[in-house]
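**Student:** For the protein sequence lines, the chains are A and B, in the order given.
Residue 303 in our numbering sits at position 303 of the first sequence, and the numbers go up by one each step.
If you want our numbering, it's the 1-based position in the second sequence plus 1000.
Simulated from the structure, these hints should not be mistaken for lab results.
Bear in mind the structure is a predicted one, so any value in this text is a computation, not a measurement.
Ideal Cβ placement from N, Cα and C applies to all residues, glycine included.
A few of these clues could be false.
Partial chain B-side listing against chain A, Cβ under 10 Å, derived [said to hold, decoys possible]: (1) 1004; (2) 1007; (3) 1077; (4) 1108; (5) 1118; (6) 1145; (7) 1163.
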Amino acid sequence: MSLKTKLDDWLKNNLITETQKTAILDYEKSKAAKSNWMFYWLIMLACLAIGIGVISLIAYNWWGIPAWVKLVCGALILIALAAGYALFSQREKTAPAEICLSLLCIFILGYIGLVAQIFNLHSAPHRGVLFWVILTAPLAFTARKAIVPFVWSAAFLCIIPFELAQYKFMETLLKTIFTDHPSFAGVAIWWFAFFVFLWRAVPKIFYGFDNIRRSFGFLLGLNACFAALFMGMVPFLGSSYSPDFMWLFIFTGLLWPAAALAFVKKGTRRIWFCGCSLIWAGIILYSSTNTLGVFADMLYFVLFYLYAALYFDLEGRKKLCNFFLIASGVRLIVAYAQLSSGLLGFGVSMITSGVAAIALIFAWFRYKSTALAFAAKLFGEAAK
Amino acid sequence: MINKNAKLFACIFALAVLFSWTGYVAVNSNTGETVEFKITGYDPRDLLSGHYLTYTVDFGVLESRTENRRAYLCLDDKTVYPQKPSSCALGLAGEYYKWNKAFNHRGIDRFYIPEEYAQRLDKALRSGKHDAKIKVLITKNGAAYVKEMYFDGIAVREFAEKIK
């Protein structure tokens, strides 16, 4: 029996008042939010792995399976996830509901890609994302955790310049900026202004975000937009264009200043971290991902994030510590992706790893005390 | 607290629009007339949808009666017009580039292929040694769908197996 049902029952039998019921629910909710933060992040990371796996499988594009089988299977998965989301929401089970929602959003994007592939559709590159943004808008606004709105916001902000660039005046403006003023400083200043505008104005206009945690998620989204847009503009700068793992690489690189930016209050520090973001983007953009080799690159970033996690743990900043642990996880996924030779193998391994991770995470959080008690019996008090 | 019906609506909305669009594309891509065009190619990859062959379609334009970017190619007389002439039974809306007198219809310039065949098919297309063509289905309202690709008259799947 859930807490809410229990409280309703007590209220019905005049054991507690309505005010007490609300106070208990609020207290339990805040406590659960604090204790489950790591849990949700880990689950989201596993969902991300599954999503990347699904997209890789679609990208592999096999001819052996008839088109209608692919479409029907995809549709059934979508219906199952939507039903799961609705059902778990009805039962107030937030974690499974949010997992279903995240997977549903990822699968909708995958399904758009699948239909485009089967019917050989081709449009402007951002139009598929625009379609996804429209389809998932109501879903994003019903989410109870920040991750789906954050990704949705990132995608939404990403497509605005691309959509505007369809129009003549924007095309002229962008070309003027990037061909007449091609120096890095000029580009950086332009982006800095754009970034600050989005950071300050958009949240206030659309969301009214005051809560630092929400701003934090939103800033990460902005950084993702920033990185994606920067990559998108590389052709204007005359460099070679490769959207592969470079994008993820830049994103992970930008997590560090973004995180710091979100938690620092002094205006001057904010500007400093903003500048850092731009420098990071510049350095990573103009350097090769394989300069140090896959393992060395991965080790460099993972150790960097683990170092940051350790530092924030010592400082008693648990959220930042957890965040950097997750960032190192994301970087591991990138390395994992780079190691795979084919899309099929990569897709299958990502999906199985994601599912296994979800099972392990659930098992750990469900049987944590039992496992620790068992470990204590095996190894004595030191295991505690 | 978000209303539970709102969540249900959000799910139904997303899936209903997605499936309606899929159904529309599926039906539309099977009703119309088929035409074959010669192609030459370059560039092969999309992060979301996978590997594909991108090519330049040779529409065989004979004459142009417009200098506008937005134009209409009538396939009956292979002439580019500013807009669809009432006498034209079959044609495509697209863009006309007067500097090289080329017509382009975005949407039929790629064909998705499995990763394992991507490299060799791309090589075959780039080499120019093979007679490459696409079969395009054109609907009454001017939408176009690529139905098949041929190398030397052989369907792309068989050709890919042949050069394995």
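**Student:** Give a verdict on every hint.
**Tutor:** Now for the hints, and whether the structure bears them out:
1. 1004: Holds, because the Cβ-Cβ distance from residue 1004 (chain B) to chain A comes to roughly 6 Å (cut-off 10 Å).
2. 1007: holds, 5 Å
3. 1077: violated, 27 Å
4. 1108: holds, 7 Å
5. 1118: Result: holds, 9 Å to nearest chain A Cβ.
6. 1145: holds, 6 Å
7. 1163: Violated: closest Cβ of chain A sits about 15 Å from residue 1163 (chain B), beyond 10 Å.
Checked against the numbered hints above, the structure violates hints 3, 7; every other hint is satisfied.
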